[in-house]
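*Asks:* If you read the sequences in order, they're chains D and X.
1 is the number of the first residue of the first sequence in our numbering; add one for each residue after it.
1 is the number of the first residue of the second sequence in our numbering; add one for each residue after it.
If you're looking for bench data, these hints aren't it; they were derived computationally from the structure.
Certain hints may be false.
Claimed, not checked - Each computed DSS-like pair below joins lysine-lysine, with the alpha-carbon atoms no more than 30 Å apart:
1. Lys436(D) x Lys79(X)
2. Lys137(X) x Lys202(X)
3. Lys435(D) x Lys356(D)
4. Lys79(X) x Lys435(D)
5. Lys356(D) x Lys79(X)
6. Lys86(D) x Lys41(D)
7. Lys308(D) x Lys435(D)
8. Lys435(D) x Lys362(D)
9. Lys362(D) x Lys373(D)
Claimed, not checked - If the Cβ cut is set under 7 Å, some of the chain X residues that face chain D in the computed set are:
10. Val101
11. Leu109
12. Gly119
As the list claims (entries may be wrong) - Some chain X residues flagged as far from chain D (calculated, every beta-carbon gap over 12 Å):
13. His3
14. Gln115
15. Asn142
16. Gln166
Glycine included, every Cβ here is placed at the ideal spot set by N, Cα and C.
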Amino acid sequence: MVTSNSYLESLLQGRPQLPPSPLAWFNHLRANAVDRAGTLKVPTTRDEEWRFTDISPLAALSLKPVRAASSLEAADVERFYLPEAKNRLVFVDGVYMPHLSSPTGPDSAQDPEVVVVTDLSTAVLAHAKAIEPHLGRHAGFQDNLFAALNTAFLHDGAVIIAPRNVAVENPMHVLFIATQSGAASHPRCLFIAQDGSTVTILEDYVTLREDVYVTNAVTEVVLGNNAQINHIRVQRDSAQAFHIANCAVSLARSSRYRSVSVALGARISRYDLNTRLEDEGAECAIDGLALITGRQLADTHTCIDHAKPNGISRQSHKCIVDGAAQAVFNGKVLVRPGAQRTDSAQSSRNLLLSAKARVDTKPQLEIFADDVKCAHGATVGQLDNEELFYLKSRGLSEVAARNLLTYAFGAEIIERISIASLRHRLEQTALEQTKKTEL
Amino acid sequence: MIHQDSRTLLEVRGLRAVVNGIEILKGIDLTVRSGEVHAIMGTNGSGKSTFAKVLAGHSAYEVTGGSVIFEGHNLFDLKPEERARAGVFLAFQYPIEIPGVANSHFLRLAYNTVQEQRGQDELDPLEFDDFVREKMKLLEMNPDFLDRGVNEGFSGGEKKRNEILQMALLEPRVAILDETDSGLDIDALRIVTNGVNQLSTKDNAIILVTHYQRMLNYIVPDFVHVMHAGRIIKTGGKELALELETRGYDWVSAEQRAVAGA
Ligand SMILES: Nc1ncnc2c1ncn2[C@@H]1O[C@H](COP(=O)(O)OP(=O)(O)OP(=O)(O)O)[C@@H](O)[C@H]1O
Ligand SMILES: [Mg+2]
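Sequences are here, hints too, so could you generate the full structure?
*Replies:* Quick look at the structure:
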């Protein structure tokens, strides 16, 4: 039996080598997180929030600290690049790779009209005023071991700041590449859309090898008044990897947050998305797709927190589960007292493709205001017989008909991705992954 | 059109079928030869759609007796998709919607599957697009319907047109059109029936299921059959439909009872 302490020790190993920051608040934040991480326990299935997701295989791993990040060349990773993106931040095993990245130049520090896309170490110095109120303030780590660990390792990270009233046309690409077996990395992102700005960001997790490793990510997303963020998140880690991620989103007045997250990889993945509509008239649309097979487990926990009146939330979460895989969805919608005229709709639709596949889905509505519209629904099913018959009556084989319907089920979410090249790539991946061969 | 050197396409003998433990088809006999147009009429619930779906191979219906020979082969040896590829086509009374599957993609898959079966060239998306647009012109269908999900949000009449578009693409040997006329407006009925007539040759056959003479004004049947309680109880020429239109069905079943009692 591995105790949580030895696990934490192994995870915290790499930390002391982190250089201190010249900024006191930054060091303070990190030190707090280290203390907190030391007191929190690895969650087990006895914890309500982790009821269906047994991470003991993760706790049993002996992890190595990340070695000096491997010397990758552009040619090794170019295939992951996004043609639409002008600015790209690349991290290898959590370490920032300037030579693979194309951040915005130093002039962005001076010009209040120019978007900032750069790594955390650079950004905290150049944009301390913009960053300090947000970094570590939204993704709380008091009760969250993984967020605490990530913050304890705070060093490299991606920072994107869209300045007031600027609509950034091209998407920004934040790419995390895993290359080392047995390594634990702690990706960190801070995305800020200041008042009236608009930006599209892809947060992308990929691997160069089918191997065991741990990704423990934390992302904070901040939207000012009337700001808009399109946040696309794609997790295509190795099928042996562990992927734990926390994302905290804060929406100011009349801001709009759209997110599409797609989980394809990892042996065990867990994504916690907490969206707080902090002021009136904020809107969020949160879509998710988990496409898993074999012995994979994909767990998505979302919370949409309506704190103020006239908020709108839309959520569609879909899971396609094959083999002996398991999907978990827990979708909480919280309407606080006073959040009148909240309009919220949530749907969880799940497709089980094999007898051993399983899904646990739980919509959770907590409503403390009386003038609200909250709809939710969950379905778990197999492919529809009448649809299959219709396709077969037109000559499609059983297998072709099943593939087409399975693909279509997932495509509904993928189609909502606004970046064309990524959409096509994922459509292709989904086609291949849902494709069973003719017997 | 009945003609001299016609071949037997479909030979149904004593067909019985059960759904959910209830016998719906109670011994159907029907012979369809190439070049012919057959109309099947009959009261609601008499088993017309059941017959059509049994021919197409729907798994909800269990065949409990009789035989169907299609172009010399036992139809029941073939899976639904094999029947489709061999040339059996059913235009559904209630075509279902398949959201998420683009109509153009679906139509091309279906077309290419049948082409492959016939040893003919498959078309890539661009080639198919040109091809299908031509076929759509025949039915005066807006090409926008290619970009939508299969039947997704289509009106009743639009769904029926989409069914006939599929018939035009697949060029079946035996097409069963189950109440294709219902839901079509007056102009659409003329357009769609005109399309069907253009697809009708001396080598294929059409079975129309309908309640009304108006469709038969456009597609003139060689035979009119009356289905009642899971059986064909009367067969006549095109004038039988006119007679049914004025007299209803009671006299047919009465006549049939009299024959059975005699
Ligand atoms: N899956 C089913 N379960 C139970 N009963 C069924 C099923 N399918 C058909 N039936 C019954 O079989 C009978 C014949 O139905 P069918 O649809 O073949 O009639 P129809 O002649 O096409 O009628 P209509 O003119 O109204 O279209 C009906 O009584 C119907 O309720
Ligand atoms: Mg019917």
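*Asks:* Take the hints in turn and mark each one as holding or not.
*Replies:* Against the structure, the hints:
1. Taking the CA atoms of lysine 436(D) and lysine 79(X), the gap is near 19 Å; set against the 30 Å cutoff, the hint holds.
2. Pair hint lysine 137(X) plus lysine 202(X) holds up; C-alpha atoms about 23 Å apart against a cutoff of 30 Å.
3. The hinted pair formed by lysine 435(D) and lysine 356(D) meets the criterion: a straight-line CA distance of about 18 Å does not exceed 30 Å.
4. The straight-line distance between the Cα atoms of lysine 79(X) and lysine 435(D) is roughly 21 Å, inside the 30 Å bound, and the hint therefore holds.
5. Between lysine 356(D) and lysine 79(X), the direct Cα distance comes to roughly 27 Å. Compliance with the 30 Å bound is thereby established for this hinted pair.
6. Between lysine 86(D) and lysine 41(D) the CA atoms are separated by roughly 42 Å; this puts the pair beyond 30 Å, and the hint is violated.
7. With a C-alpha separation of about 45 Å, the suggested pair lysine 308(D) and lysine 435(D) falls outside the 30 Å cut-off, and the hint is violated.
8. In summary, the hint linking lysine 435(D) to lysine 362(D) is supported, as the alpha carbons are separated by about 28 Å, within the 30 Å threshold.
9. About 19 Å separates the Cα atoms of lysine 362(D) and lysine 373(D), which keeps this hinted pair within 30 Å; it holds.
10. Hint on valine 101(X) holds. Least Cβ distance to chain D is approximately 4 Å, under the 7 Å limit.
11. At a threshold of 7 Å, the smallest CB-CB gap from leucine 109(X) to chain D is about 6 Å, leaving the interface hint in force.
12. Taking 7 Å as the C-beta contact cut-off toward chain D, the hint placing glycine 119(X) at the interface is violated, the least distance being around 14 Å.
13. For histidine 3(X), the requirement that its beta carbon stay farther than 12 Å from each beta carbon of chain D is met, with the minimum near 28 Å.
14. For glutamine 115(X), the non-interface assignment is contradicted: its Cβ lies about 10 Å from the closest Cβ of chain D, within the 12 Å cut-off.
15. With a minimum CB-CB distance of about 21 Å to chain D, asparagine 142(X) clears the 12 Å threshold, and the non-interface call stands.
16. The claim that glutamine 166(X) lies off the interface is violated: its Cβ sits roughly 6 Å from the closest Cβ of chain D, which falls inside the 12 Å cut-off.
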